[in-house]
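Undergrad: Take these sequences, add in the hints, and give me the full structure.
There are 4 protein chains.
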Amino acid sequence: MEINGVQIEDTYAEGFPIKVARVLITAISQRWAMEAAREATGFGTSVIMCPAEAGIECTVPANETPDGRPGVYIQICNMGYSKLEGSLLARMGQCVLTAPTTAIFNGLPEAEKQFDTGFKLGFFGDGYQCDLDYCGRKACRIPLMEGDFMAEHTIGAVDGIAGGNFYIEGQNQAASLTAAEVAVDEIRRQRGTITPFPGGVVASGSKVGSEKYKFMKATSNLNFCPSLREDGTCTLPAGVTSVYEIVINGIDRASIENSMRAGIKAACTVPGILRISAGNFGGKLGPHHFHLHELLG
Amino acid sequence: MEINGVQIEDTYAEGFPIKVARVLITAISQRWAMEAAREATGFGTSVIMCPAEAGIECTVPANETPDGRPGVYIQICNMGYSKLEGSLLARMGQCVLTAPTTAIFNGLPEAEKQFDTGFKLGFFGDGYQCDLDYCGRKACRIPLMEGDFMAEHTIGAVDGIAGGNFYIEGQNQAASLTAAEVAVDEIRRQRGTITPFPGGVVASGSKVGSEKYKFMKATSNLNFCPSLREDGTCTLPAGVTSVYEIVINGIDRASIENSMRAGIKAACTVPGILRISAGNFGGKLGPHHFHLHELLG
Amino acid sequence: MEINGVQIEDTYAEGFPIKVARVLITAISQRWAMEAAREATGFGTSVIMCPAEAGIECTVPANETPDGRPGVYIQICNMGYSKLEGSLLARMGQCVLTAPTTAIFNGLPEAEKQFDTGFKLGFFGDGYQCDLDYCGRKACRIPLMEGDFMAEHTIGAVDGIAGGNFYIEGQNQAASLTAAEVAVDEIRRQRGTITPFPGGVVASGSKVGSEKYKFMKATSNLNFCPSLREDGTCTLPAGVTSVYEIVINGIDRASIENSMRAGIKAACTVPGILRISAGNFGGKLGPHHFHLHELLG
Amino acid sequence: MEINGVQIEDTYAEGFPIKVARVLITAISQRWAMEAAREATGFGTSVIMCPAEAGIECTVPANETPDGRPGVYIQICNMGYSKLEGSLLARMGQCVLTAPTTAIFNGLPEAEKQFDTGFKLGFFGDGYQCDLDYCGRKACRIPLMEGDFMAEHTIGAVDGIAGGNFYIEGQNQAASLTAAEVAVDEIRRQRGTITPFPGGVVASGSKVGSEKYKFMKATSNLNFCPSLREDGTCTLPAGVTSVYEIVINGIDRASIENSMRAGIKAACTVPGILRISAGNFGGKLGPHHFHLHELLG
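If you're matching them up, the sequences are chains A, B, C and D in order.
Residue numbers for the first sequence, in my numbering: 554 to 850.
Residue numbers for the second sequence, in my numbering: 554 to 850.
Residue numbers for the third sequence, in my numbering: 554 to 850.
Residue numbers for the fourth sequence, in my numbering: 554 to 850.
The hints are simulated quantities; they were obtained by calculation from the structure and are not laboratory data.
Be careful, since some hints might not be right.
Since the list can't tell identical chains apart, any single copy or any two copies may satisfy a pair.
[What the hints assert, rightly or not] When the alpha-carbon atoms are kept at most 30 Å apart in a straight line, the in silico DSS-like pairs for lysine-lysine are as follows:
1. K673 <-> K770
2. K837 <-> K673
3. K818 <-> K770
4. K636 <-> K760
5. K818 <-> K666
6. K691 <-> K837
7. K673 <-> K818
8. K818 <-> K636
9. K636 <-> K673
10. K765 <-> K837
11. K760 <-> K673
12. K767 <-> K636
Because the structure is a prediction, the values reported are computed rather than measured.
TA: As structure tokens, this is what we get:
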């Protein structure tokens, strides 16, 4: 299969189950909603050594938010609901309540699982917090030095999927990276998914475990490392000198499929891209398989 | 004391000791160095509930970095050297090694304390990492899917200071926030300091502990909350309806003084700012006191 | 009438007829499409002393453009079709053909009026240009040092409207400016309109002609200048110290109405905004009147 | 000669004399100073069909400007002083006076040639403008709807140089463009020069005149067009598929040399760049020759 002359390998991405909370952050302006979102989702690339996986889903215009202000949807992900609740509370309390002009709303109001994160944030008010109806939502108002912070009482979460992915294999770093940037820009316009790595891009695609060091949970995916060609470790097609991976988490399978499709098509418009592939571990990592040819067929 | 018609209160900021590691991240472009820096310093506003305090110090041009590429200095801070080493390794491994095209260099090569973070990152290479001299530094080369990652073997750290601060008290949120933005932009041009909160700004200045909830380590600084005027809790000057705090960490006292001075002067150019103050806790929090009138005299 | 506690004055904006060409610029990435768009629409605030009025309409995702790359719609406006054709050719030739990786497509393919701008750009190829079908459009391919430039043969234009507007009157500059920024961000998400002034905002709302200098076509709208209160020249409500105008051009009346509505609602979410008004000249300027109460009713 | 493995061709850039005015724009924040600068320097790539050449020189911190606010230096260039004066007045009046919160200061106060641009802008005040000493400069205060605009009375200009340049020849568009971006970022940190093309980059390097069309002042530099290899027109080294040119104007020879050096060195750090060259016309265009090997030796 080819798109725009770029070969699409007949392989699949392998994802695994993760719990996903979704929050809508609004602020006085798009820029400040984004600052809060960035801080709240930082140090959140992989649960291997980060306290959570987290990322920015998309921005929304003022007319689509409860308080009529510009907004950003973010997702916080963790391996179980208990860990997720802790991550959510810490990140909302330390990175959004502290951020200028923000408010938070439930991004999954219809989910079965609901955390009372907004209620708990209220204790920061030291007794001066109060409940109120705010833009049709049950919320907590907390007096701050900047004015009042509004937090919807509950934040919903679902059984989502982590590790949707594809590889962008190019003639050189700049080509692969430009294609990765274009793919991430396009995925950021879709609903339901995040790309949790820095700028949405992974430079260091990994394999599960290690051949050599028992204490390592993940190590470099050596078969895809272009500098290891001499001894035959690297099995990339000739001409490929740089590969970026786009990792996609999401609230459900359909949204990940949609974002993989959008991202791959966008990446294939960049000159110098030779092949699109994907990362899997023969089923060792997880049950969610996304076959590229099915997705793009 | 007045600057540009803005009253400078006769008070002081109270800081506390913290350990500070400093890293220079370089990348193919300024933009990508910044993406890595943002991810690596996210979820890093306050050690109260974040795993570390972290922030972006400043950008540096290509001709000031060892590898001749654009760079960003960041700082990672924690309460002891042991915790700091863990934070540093996790954030470099998960947020910079994973970021496109980056390399890391020691930002404090002359400090007595040195962590072998670069060496430890090497294990990700699963045996294919190697040591080399890179741009005059002892470094580890790790094969990645994007190409090779270079990490200087050691990263230095010093006894620094956290909690330098000042308050910007304005006629409304937009005025206070604009002044805060201007102050942070100016502080980002100085060396040696970071402003770890979202976009460099704190919306929710706090006091130590709580009057009401024993389980809370910090709660809203109610005396500076403009919405609590009616019962006399708020003691802000008349006309002030919004206050932002700029919190500054740094590698030494001089750099914090320099950044406080630069930030305050810049904030005072914004129309609608009524007073500059600072946060202290009567010595309960820490031994480092920064008197505004001395700084600005 | 009030929105969010902000008074909406019972007045109207007065626009005038203008010719509008609309171009879709695509590029390798959103960022580079935007760079080309900015250069092509610069020095284009008002036909009083600019060679054209011009602005960025909105960005579009890759899946909505003919060549599957990210895009930006821009509009170029002038007082007659002949002048407009000259403006369009010069701006496309000097600012888009010269910009990295761009292509241009007809943004009004169904308009009656069509300029052969793409065809004329072809002469830059010095004989090596050629016609082809490109993504379903009749286009000209021009060899450049970066590779090949693609320009759709024709660019459409319509009888549009200039000078749609509203005033944002606030407690201070930062409040009014923040509201202006928020309004412009929201308008930039709508189709069919541009805000041609710097960053979308006018600091210097004007009146037609001058009381004192015959050679001036427009001078400061003194009745709305907050610093002229002492002698009664300024008739603004008490408390207003800064007013920004948002000027909106568009391809038709409906799109301007839509953008005025979106912008005003967004502006009214910002604390410190006291009143929304609009600029008119008693019919001296033009026949297109936009009554605020009708729009927002 | 090689830098980082990139070949530096033994050739020279050929520039020509131009008149250059230099303005310091300050504003409430760095962001708004930049918005004004962008509008004022737009539609300003080449005097061939633009009314002027114009660009952003560099940003300056608040503590380096007369009014203690963040600033941006811009340059406006034209072929004679009379044309330059017109360009300067129109661009300052339409794009900076109209921009939120800006002030303008003389960027070349010691130049012999001085235009009374600030004085002339004053007429917009319709009799309410006045002269005053502002931050140590003789200035004109003009009442606006946003508040008061301050313009230093005079703006200086000098005999400068246009057309300093170098070519970046790479393996593909993304590599060449990334190198161009890096070069422009680095040049934007230098004083005295501008890169007037979109985002600082030229996609369409040209030759003087045309082989085929007498009415064309400049046409595509066919010898450097990678798609014209088959008939031998293109004489680029094998493997080069995309070339970007960086054009540099400046106030004097030394500043152009400095920026060429900084830009070329930065470009050579990007993987996939094969050669650096430069554009000249055998002396037909102008007397200012910049030999690459001398510059970089």
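Undergrad: So, against the hints stated earlier in the document, which numbers end up violated here?
TA: Hints 3, 5, 6, 7, 8 not satisfied by this model.
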